[in-house]
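Under this note's numbering, think of the first position of the sequence shown as 2, with each following residue one higher.
By construction, these hints were calculated from the structure, which means they are not laboratory data. All residues carry an ideal CB built from backbone N, CA and C; glycine is no exception. One or more hints might be untrue.
Using C-beta positions, here's what the derived DEER-type ranges look like [unchecked claim]:
| hint | residue 1 | residue 2 | range |
| --- | --- | --- | --- |
| 1 | P72 | R186 | 41 to 47 Å |
| 2 | R103 | T69 | 43 to 49 Å |
| 3 | F114 | S141 | 39 to 45 Å |
| 4 | F97 | D70 | 39 to 45 Å |
| 5 | E157 | V28 | 32 to 38 Å |
| 6 | N144 | T69 | 21 to 27 Å |
| 7 | V28 | M73 | 35 to 41 Å |
| 8 | S141 | I46 | 30 to 36 Å |
| 9 | F113 | Y134 | 27 to 33 Å |
| 10 | W145 | T69 | 14 to 20 Å |
| 11 | S185 | T50 | 38 to 44 Å |
| 12 | Y134 | R186 | 39 to 45 Å |
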Amino acid sequence: MRSGALEMGSEVAKGAASGPVNRGAAVVDFFLRVFAIIATLGSAIAMGTTNETLPFFTQFIRFRAKYTDLPMFTFFVVANSVVSAYLVLSLALSIFHIMRSRAHASRIVLIFFDAGMLALLTAGASAAAAIVYLAHKGNSRANWIAICQQFNSFCERISGSLIGSFGGILIFVVLILLSAVALSRR
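Given the sequences, and given the hints that come with them, work out the whole structure.
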């Protein structure tokens, strides 16, 4: 009988100890989501406002580079925008997890949606990274010339927007792992 009381007491102590741990994980989750919003929204804005015009021989003929010229960059902007909107909406659940650290069903739903957004963000960043690589290096076999010698400002902005997006990918990985750890501490 006494061992049963000890086991029950250890369960209560274990539950009491996991409460502050889960609350701390929820607070970290909230701040990581805010940082991910900044990274993905900044990437979408940087890519979406990128264009550069170079004069040719006369003022009437100009070369222009815009993000809409390549569908991969458009997909990148849309993917980062969708992920940013999702992150803003998910802040409500993150706040709910701070207030009720023992909520498990909503945390499971959040993990699934986080994984879906991670896949979307990775797809958009990977597609854009392939084109950025071609813009910097070119490909002589496919007759792609490296345009970054001419469109320097354009290439700097698209490369910078990739950094924010890949930062968002890393934050999503940490968010998923953090939620999984919080669920395992029940």
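Taking the hints in turn, this is what the structure says about them:
The hint said 41 to 47 Å for the Cβ distance between P72 and R186, and at roughly 44 Å that hint holds. Between R103 and T69 the beta carbons are some 47 Å apart, a value that agrees with the proposed interval 43 to 49 Å. As the Cβ distance of F114 to S141 is approximately 43 Å, the hint placing it in 39 to 45 Å holds. Against the hinted window of 39 to 45 Å, the Cβ-Cβ separation of F97 and D70 comes to about 43 Å, which satisfies the hint.
For E157 and V28, the hinted distance range of 32 to 38 Å is satisfied, since their beta carbons lie about 36 Å from each other. Under the hint 21 to 27 Å, the C-beta atoms of N144 and T69, about 22 Å apart, fit the expected range. For V28 paired with M73, a C-beta distance near 37 Å keeps the hint of 35 to 41 Å intact. Range check, S141 to I46: about 34 Å between beta-carbon atoms, so the 30 to 36 Å window is met.
In this structure the hint that F113 and Y134 lie 27 to 33 Å apart at CB holds, the actual value being about 32 Å. In this structure the supplied range 14 to 20 Å holds for W145 paired with T69, their Cβ-Cβ distance being about 19 Å. Range check, S185 to T50: Cβ separation about 42 Å, and the 38 to 44 Å hint holds. Between Y134 and R186, the C-beta spacing of about 42 Å keeps the proposed range 39 to 45 Å intact.
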